[in-house]
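J.: Build the full structure now, drawing on both the sequences and the hints.
Chains L and F are the protein sequences, given in the same order. Numbering-wise (our numbering), the first sequence opens with residue 11 and increments by one. Numbering-wise (our numbering), the second sequence opens with residue 8 and increments by one.
Hints in this document: simulated from the structure, not taken from any laboratory. Any given hint could turn out to be false.
Here are the simulated lysine to any residue pairs, SDA-like style, with alpha carbons at most 20 Å apart [to be verified]:
| id | chain 1 | residue 1 | chain 2 | residue 2 |
| --- | --- | --- | --- | --- |
| 1 | F | Lys93 | F | Thr110 |
| 2 | L | Lys284 | F | Phe65 |
| 3 | L | Lys83 | L | Phe207 |
| 4 | L | Lys304 | F | Asp64 |
| 5 | F | Lys61 | L | Ala259 |
| 6 | L | Lys304 | F | Thr89 |
Next come the chains, spelled out residue by residue.
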Amino acid sequence: MRLILHKRKRGHVWKIAAALVVMLIIGCYVTIEGVNQPASVNAGTPLTVTINCQTFANTSSTQAVVVGVLVPKIWNASTNMTVTFTSDITSGAQPMTVIPTSVAAPGANGLNWQTDMLNTLGHAGNLIPEYEWVAFQSNQQYTIGGNQTINEVFTITCNVGQKNVLFNMGYVVAESNDGLHSTAWGDPNTSYFGTYFPGALRVYGTGTLMDFVNPQLSVATPSSATDNDIITIPFNATLVNTGLSSAGAVYVCATGYLTNGDSITVCAQNSQSKMTLQSAGNWSMEMWPRGFFKLSPTQSLDSLHYLFTDQTGTIKVGYGGKSYPFSFDFGCN
Amino acid sequence: MKRMKWSLLLFFSLAFLWSCKVENNLKVPTEPIKSINGTWQIIAATENGSDLTKLYDFSQFRITFTDSTYTITNLLPFMVNTTTGKWSFNDPQYPFTMTLTPTDSSSSVSSPLQYPVVGGVRNMILTFSPGCPQNSYEYTLQLAQ
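T.: Put into structure tokens, the structure is as follows:
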């Protein structure tokens, strides 16, 4: 008799556990209906974007809302961006907070939300690897009733800095239970989050345009660097027809402009200035400017101008495939 | 007679148990102080998570530690910009931070430190930003042969 009771109790335990498991895998289906993003914004003016979103839950469930935005790193968006939302089931603007990089996304094998978004959703075709996903989560969790559809409007505001930028934006809305990988109820993982890639945003600012959208002959990275960083100087020799399109070896010819107004030119074709062929027509060189220009401890660089040459140094290719040099301003903003 | 047998049995049992004593010879091992004396070289380097090891020549960099001083030859982007100074750990037994103080400066620079043994070889992993604070470098060092 006791055994039977135990079995009955065990049966209840399993039923409760199974119910809990089902509750955990209940899905919220998320769809982005539209994104209102301006085509351009002036530097110093806050960028404001709204996302219209719909969430449906097949059974009552409770979760936090997650929003990700693909942005250029130079915006420092984790500090300069705010996200709030309104919805059918809340009153007033609901605050959201940046998800720390130490927080693992659900079902992402330990990856944080930011890396999981990049790996899963990509980088919207931006060509310069100076982008990042910033992830926000609602400060509290919300319960959605069974078979209930709610409408949400997210408002994103960001200080876009002072630099000239052309960038393909990207947005994702998800929730904290399912993340980007749930396939519960036999649905594909894309049912559990919504994405929207509205296209390029132009920031009219100062300095050389940081064009993430159109292929460039050369954009040095990281875009924010001092002369004591190692910068990567790439060269796409076949993007336009230049004298180096079929060169067997390419060298960097550079002039460093010092903060005191002096300049140093290093234009010898040797092992220090030789670029490495990464793939057909794509060359690159890692440069530590302090070492490249042999600066003394008291010297520092303000900017860098560079051209690409062949082994003889007679063919020189600069900005736009012409003879005017590419430029790079040192600074951390 | 029977009672006497039980009394004797009880007596000898107590005497047997009483003869046991706790040996206090189990000592907690003491973690040795970590010594990094010697000349170290860079075997791996990343910038903002991207592997630079094969893209830039780190092979000539050397940093030599004595009990309290360091000397750098063939300087690269590093925690400090000068070649001599003093070093210290936050804890000599359980170090998680290394601090370098250049000879010509009163200000010091600290770096998170990892000190794992990989493949039987002691590694020292330092993370720092020599230029812009948003650019993070991680060097893995091993004792030079």
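J.: Are the hints correct? Go through all of them and say.
T.: Hints, one by one, checked against the model:
1. Lys93/F to Thr110/F: holds (7 Å)
2. Lys284/L to Phe65/F: holds (16 Å)
3. Lys83/L to Phe207/L: Holds: Lys83/L and Phe207/L sit about 18 Å apart, inside 20 Å.
4. Lys304/L to Asp64/F: The hint holds at about 15 Å.
5. Lys61/F to Ala259/L: Since the Cα atoms of Lys61/F and Ala259/L sit roughly 19 Å apart, the hinted pair holds (cutoff 20 Å).
6. Lys304/L to Thr89/F: Since the Cα atoms of Lys304/L and Thr89/F sit roughly 14 Å apart, the hinted pair holds (cutoff 20 Å).
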